[in-house]
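Peer 1: Fit chain B to the known structure of chain A by using the hints.
One line per chain: the protein sequences are A and B, in this order.
Numbered per the working numbering, the first sequence spans residues 1 to 502.
Numbered per the working numbering, the second sequence spans residues 1001 to 1504.
In case anyone wonders, no lab produced these hints; they're calculated from the structure.
Everything numeric in this text was worked out from a predicted model, so none of it was measured.
Be a bit skeptical, because a hint or two may be false.
As the list claims (entries may be wrong) - Below, a list of computed lysine-lysine pairs in the BS3-like style, where the Cα atoms sit at most 27 angstroms apart: (1) A:Lys-481 / A:Lys-412; (2) B:Lys-1363 / A:Lys-94; (3) A:Lys-94 / B:Lys-1387.
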Amino acid sequence: MTATTHDLLGYEDAIARFDPVIGLEVHVELGTRSKMFCPSGTEFGAEPNSLVSPVSLGLPGALPVVNRTAVEYAIRIGLALDCQIAQTCRFARKNYFYPDVPKNFQTSQYDEPIAYDGHLDVELDDGDVFRVEIERAHMEEDAGKNTHVGGRTGRIHGAEYSLVDYNRAGIPLVEIVTRPVVGTGERAPEVARAYVQSLRELFRTLGVSEARMERGNVRADVNVSLRPSPEAPLGTRTETKNVNSFRSVERAVRYEIRRQATILASGGSILQETRHWHEDSGTTSPGRVKSDAEDYRYFPEPDLVPISPSREWVEEIRAGLPERPGARRRRLQEDWGFTDAEMRDAVNAGAAELIEATVAAGAPPAAARKWWLGELLRTANARGVDLGGLGVTPAQIGQLQVLVDSGRINDKLARQVLEGVLAGEGDPEAVVLSRGLEVVSDDAALLEAVDAALASQPDVAEKIRSGRIQAAGAIVGAVMKATRGQADAARVRELVLERVGA
Amino acid sequence: MSDATLTRQTAGDLAALLQAGEVSSVDVTQAHLDRIRDVDGAVHAFLHVSDAEALATARAVDARRATGERLHGLAGVPIAVKDIVVTKGQPTTAGSRILEGWVPPYDATLVERLRAAGLPILGKTNLDEFAMGSSTEHSGYGPTRNPWDLDRIPGGSGGGSAAAVAAYEAPLAIGTDTGGSIRQPAAVTGTVGVKPTYGGVSRYGLIALASSLDQAGPVSRTVLDSALLHEVIGGHDPRDSTSLPEPLPDVVRAAHHGDVAGLRVGVVRELTGDGYQSGVRASFEAAVALLAEAGAEIVDVSCPSFDYALAAYYLILPAEASSNLAKFDGMRFGLRVEPAEGPITAERVMAATRGAGFGDEAKRRIILGTYALSAGYYDAYYGSAQKVRTLIQRDFAAAFAKADVLVSPTAPTTAFRLGEKLADPLAMYLNDVATIPANLAGIPGMSLPSGLSDDGLPVGFQILAPARADDRLYRVGGVLEAALIERWGGPVLSAAPELEVTTR
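Just chain A, same shape as in the assembly (with noise of 0.2 angstroms):
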């Protein structure tokens, strides 16, 4: 049964009437080579069940090995989330029967995380930051993919028969659980989602996964309750399953207090269950129960031992952390005297990275803003692609600048060298080339234009002879139309109120 909205309670008036108090689970694919417990390869869209071995298909007498990097990468997530590192911390088997878990257990931790305690902040639309609480961050491995075929809505329900890729099963990941996010008041979609959106990009400057939303790569389960004032008790809380986009996330949050709220309002009460996210029509429709919960019998693994990562390993994994996104921009915008608004575009389009490179490159910051932000999104936007799709390198937009600073172009010129490099045709310097715009300083050359166009418009030299100088812009602008554009509009105004003597 899946719900629609107008009956439900409006936000503002949800909101009035009750404090949200959410939760999240992030699950984030590392982008190690081999899976978290057999060298099976990773890679993504490979022919259905060509990655598998006998530990990630989970034939009999197969046994798991930890991949090394992966524990290293869910430390460098732990401590760019400011957790604690566990001295010691074991894998455990959550066991349930599901055709997509080879070994009918998944292999997790449970009661002992390699990481715990840390927190994050989270940047908001408006510049305010949000401080999320972390419980913790523990390793597991990703499960096989199932897809159903013959039914009408691609669920188990209904299907003729399901397939099950394992190319999936045994990928690592790390499961990241805050503490319940609360004081986010009418704010809690949006924290929601500036959360998830705050690891995705701490995930990429992590290096420690490729951080795709439309691959699966990072997946998140939200947790929401209500209670009538931010001084009750918790209420009870439903958990939405796999909220995989950003946008998702906060409508998802919206939409699960607007329907709590219902219910509450109405004197009901809220079931603790699992429920399904449904992106078209935008609600939630329930899972599995929770109070009658799969009890998944965890034990500790014994086929793993226990994984101790010495002192000096977490220290050298924490002097080798990249600066965090956080700080990064902090100092970034102080460093190029942005505006909050100014630096919150330039993120947003992705183009932070971009302007640092062409500021490196030797472009004055403002003027890497405008170029990134200006021509090249609107193009990239044009392109349905993103800035760094374009083809064009900060490189070249740093020459490109450095050429408009020398005057060797002028703006107008630099438009038309930009569309010279983005057709693919060289760096700035061999487009002005290539294309002859490089700015006419020659004076004499200059002369012969000006006396040209004057002649051509005797009445409009008349004018300015009389005293009329604005009418100069007229021989300006046909100066300018015969040279291309390359003339330097200034000097030629000069030059043709020395002409007419006035």
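Peer 2: Chain B in isolation, oriented as in the chain A frame:
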């Protein structure tokens, strides 16, 4: 040399004959295949015999030897492998109907090592389903019989490997020991079996029963033969994260050592006395006396926590087994049973497959283990059992402070009759009371024959050593074996009756 003469040789002697070029591996292998053909119809030690493959390996070894290539010492000596160890291209059932027809696509590490050393694999031996049992009666393919008396059990779970060696169908075999499954069958068949230190032999490719207890090891007719085989299969394996990093101690040298003078031998008070058959006790005491005569210092040790070992074991084992056996669901390999009526869903196929494929003992332990791990019961059962395990490890540590090795009878009784304990699981479980503590503590143990009980059946003598000191088992075992042969004028096994040739 005749077939009969070849099959009576020890592995060490066969190796020498092969190296000297006096016999070919094809001859030796064929002699054992003939013996299997002749007697296995009655014994039923094998679930699968790989004639062609064994002979192909033998021919290849002979050809390589003919070129003067330097081969492994045991190259060309055939071996039988317990059917819970996966063998690429050869069926592997773990004694369960649920794996009927499954042919593994990979070799266990220990099988890779056997192949690399050039040992022809004769076939796969019978066992209690998934190694759950002490009599082989819980095999999904019918019981194995004890060559000493075909109406009696050959022990379990590795009754097939022990019986194959005792019946001269193979000079060597691989066993696995989770609570005594190598040592107890050795005891009741008059053979030698060794459970190495946990982590001493790779578990990669052993179909897991209880991961924290399972250990593969050698089965043979002499102490030296076990040492020779132990050396082939032992040592670090990066594919098993519980594998010990350090090299195996020199077990072959220890088997040749020949001296126990000054060695402290501890008799475990809790593993003798009440509950042990009088003939077993007498044989054990005589063997201890022989060690004393050889110069060993006999000391009494007490391990009070052993009283709880059986109870702890029967929580830890089923708990781990319930999870390890979850993968047998009809989805990817082995048996698949669709429900007779109603919809064919994944869950219903899993249930129908497991219902049809698992035997009663497997089901009993899966249910026990599932219960023991359930929310609300975990601490009381699995948690408490792990605490007992720690206490047992402490008992061993204290005992090994007083003694270099510990000794006990391997099993409380000699071989019982088929069917005798089938209806009483608890009586069956008691067979392993003396062997289980070693698995709980991860220490090595050996069983070798100490003679016959008053019922004319062989008695097993167990030696236990501290973790990583497997060599002590061979040192003490070698001395005792030599003393017994001197006393008897031959090995204990030579007292076994001749089997009737019935060509299967």
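Peer 1: Looking back at the numbered hints, which does the structure fail to meet, lowest number first?
Peer 2: No numbers; nothing is violated.
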